[in-house]
Amino acid sequence: MSGKLRHYLPFLLGALLLGATLLRALCALPPFGGYRGAYGPIVLNTMEPLRHAQQAVAAVTFDYRGFDTLAEEFILFAAVAGCLLLLRRQESEAAHDPVDQAGDRGDLEPAPAMLGLGVLMFPFTLLLGIYVVLHGHLSPGGGFQGGVLLATAFYYVYLSGEYGDLLGMSRDHAVSHLEATGAAGYVLVGVLALPAGYNYLHNLLPLGDKGELLSTGMLPLLNIAVGTEVAAAFLLLIAAFLRQVLVIRREKKP
Amino acid sequence: MSLAPFPVITALFMAVFLAALEQLSSRRRILDILSLLTALAVAAVDFLLLDGSLSGTDVYWFGDWTPMGRFPAGIAFVIDPASAGLALLSALLTVAALLFSWHHFHAVRTYYHTLMLLFLASLQGFALTGDLFNMFVFFELMGVAAYALTGYKIEESGPLEGALNFAVMNSVAGFMVLLGIALLYAETGGLNLAWAGAVLSGKPPGPAVSAAFILLAIGFLTKGAVLPFHFWLPDAHSVAPTPASVLFSGIMVQLGLYAVARIYWVVFSATLDAEALRGIFLGIGVATALTGGVMACLQRHLKRLLAYSTVSHSGLMLAGIALLDPRALGGTLLYIVGHGCVKGALFIATGVLVYHHRSVDEKHLRGRCRRLRWTGVLFCLAGLALSGLPPFGTWAGKGIIEETASQLGYHFLPPLLSVCAALSAGAVLRAAGGIFFGLGHPDVITSTAPATGEEAPETDHSRGPTPRIMLVPLVLLLLASLAVGALLRVQQVAELAAARFVDRTGYHALVLEGRRTPVHQPAPPARPGMAPALAATIAALAVAAFFLAPGPLQGRTREGVKALLSGPVALLRRLHSGYIGDYVTWFVCGTGILMVLAQLCF
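Chains A and B are the protein sequences, given in the same order.
Be aware that the first sequence starts at 1, since it is given in our numbering, and climbs by one per residue.
Be aware that the second sequence starts at 1, since it is given in our numbering, and climbs by one per residue.
Be aware that a few hints might be false.
[To be verified] Some chain A residues near chain B, calculated using beta-carbon distances under 10 Å:
hint, residue
1, ALA20
2, CYS27
3, ALA79
4, ARG88
[To be verified] Far from chain B, some chain A residues (derived; all Cβ distances over 12 Å):
hint, residue
5, HIS7
6, PRO98
7, ALA102
8, PRO112
9, LEU115
10, VAL119
11, LEU134
12, VAL148
13, TYR155
14, GLU162
15, TYR163
16, LEU166
17, GLU212
Quick caveat, the hints were computed from the structure, so don't treat them as lab data.
In this text the structure is predicted, and so the values were computed from the model without any measurement.
The beta carbon of each residue, even a glycine, is placed where N, CA and C say it ideally should be.
Modelling step: build the complete structure from the supplied sequences, incorporating the hints.
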């Protein structure tokens, strides 16, 4: 036991020092609730007159600091490209369609409860995802959250059906094109302002009335772009993971 | 119309566009051409930005969110000569890397080209931004693209382990950066560097402020591979495909150091105790430079050797920044450019060896590459340049740093830095002597384990002469490094960049109020001396001769020398264990110690 303790001693000492100093730093911060920054008031006072926005989070994410969000969208894009790269089929591996190993079992049907739930949940989740994406500038949510919901809808297909069902609905090329379109869409919406002589990501589109679906200028467009990208990215991911588990087999040496 | 956003958005858009070319048959040539054109376009834009920034720093507000009553609610790119110059360097290195991979590199679908362009975009954004959180976002994008590129060759276990170590250490570093941002935001209420600096101006440093600085510094110094946060670098750089290694060692590591310098000068320089900081960073820098140099001598895996050399030079650059002096900073910027080109050339030369012999093992390659005369000559030249041979860019940069150190009273620093540069350059020259000329004894005191991880070919058609297109970037990079050192104009630009870099109040006034203050023109540059640089080169040759020539390592005293060195060598080897748990332990220890030092000293 003491040997083990000695093994962890450097880490424990370091963590102790780090924890103690961090605690000291955190205690020196302004007290909880005593907000005195300038960011909040400025955003709250300007987002309505300048952008007809009613939701500060969306306004900050997609307008005031929209450039951060562009890079964040591409972090996801890069992460998915990286995952697909690392999960590719190696030359020493072979791809076989997943088949039931026990051939005499007959066709396996998913339980009626699972099937029913899937049939029920798929359109509902899809609709919820679309709603969350489209209302990102009005209510909590937005492209990232709605995109994940959209992808979740397709996970239900796999859960209540077969791998093949999901494969049919998520053809790799179509989905990866969709992903590219979403990512490129964000870049291009920002470019719209350049010919008019404004800076990149300037909110040029008509602002509409506060609280309307078509308002706050480019925010709905950006949400749709992000939603498309995120939904397609997570579909590509689940497809890649399932392929790794179900389809790719280590080739047996002859 | 300002060109400021184009480096980032062009690279991002083209990355996506290339990914969409997936279904195209015979897409290989198109991918090569388009990615190369993109990198060239980005380089051209960077050059124009650099040229424009010489007469005055440019501030570009995304979405036209200019500061409202001095408070910046939006994100700004601040394009001064330093940021534009580093962006230009990263674009040029990308061009070189893409030239190397032209046609012969095994590109898996479109992922290689897409990830390289995403990486380029992140380097551009990271260099140009003037916003702390934006910096963090590009730090993450850089990381994600780099992890994937590191693990590119999934057939081997080495690349996957290297990528995992890289990802874990840099993610931990990312947490530190985020923690630092949170602390700084709580103190200042803003994420813009200039705003945070203006709020902190003249305030006494509380525990939160000093902790914020140290956490930010640790996060970016992990990217900068500084002791004790450097362990991931050799694991990752040695297994990544050659074009990625060029970018990792040439610019990514240095951008970590650049971020620390930028954050210090713009935000914290009026708050923290400069003497204490100088002591801490100088200590870390020198320790890093020494450790990296010694470890480089102990390697027989060529890319690992180069990776440790990067660690060593990173320490040298940190020492240059740590002098907290504009002239030394100018020298450091010059050194970053000169070193980036030379290190890129060395990795490309190693890539040529892999192309021919599918090996990066110094012992295995010994004497087998005699027919690669051009590669050999260029490799040796790059090795000499690494030691600071005049008139390469490394000479000018290191010379300026060393002369400033002497003027500031750090007389121990110049010889120490020269020794460090000589150690890793000597290791490179030793490898070159063995590989291209068959010199030396096959059993040097390097690692006993053979270097593996390169059996999987990066390229095809390895018979016949080296394709010219592989030698082109090698020559171009060496020429670039030569130009950086030889042209007085480059040194002028570097010193102007440094003068602008440390002009804290000017930066604040420009970003927050749009008010230009007259730029203080630095004194006409004095060229650094040749003699110390030549001494360092001779020392490097001596290190190489120690391993290769008949001497203590060849004759009867060989076993004695080995026994003498075995103790420290074994200790160093054990420290660099390759276990991620050990790395995290050293990271936490280093962080804890630095945090305590910061609380006590600042």
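Mind listing which of the numbered hints don't hold for this structure, in increasing order?
Checked against the structure, the only hint that fails is number 5, while the rest are satisfied.
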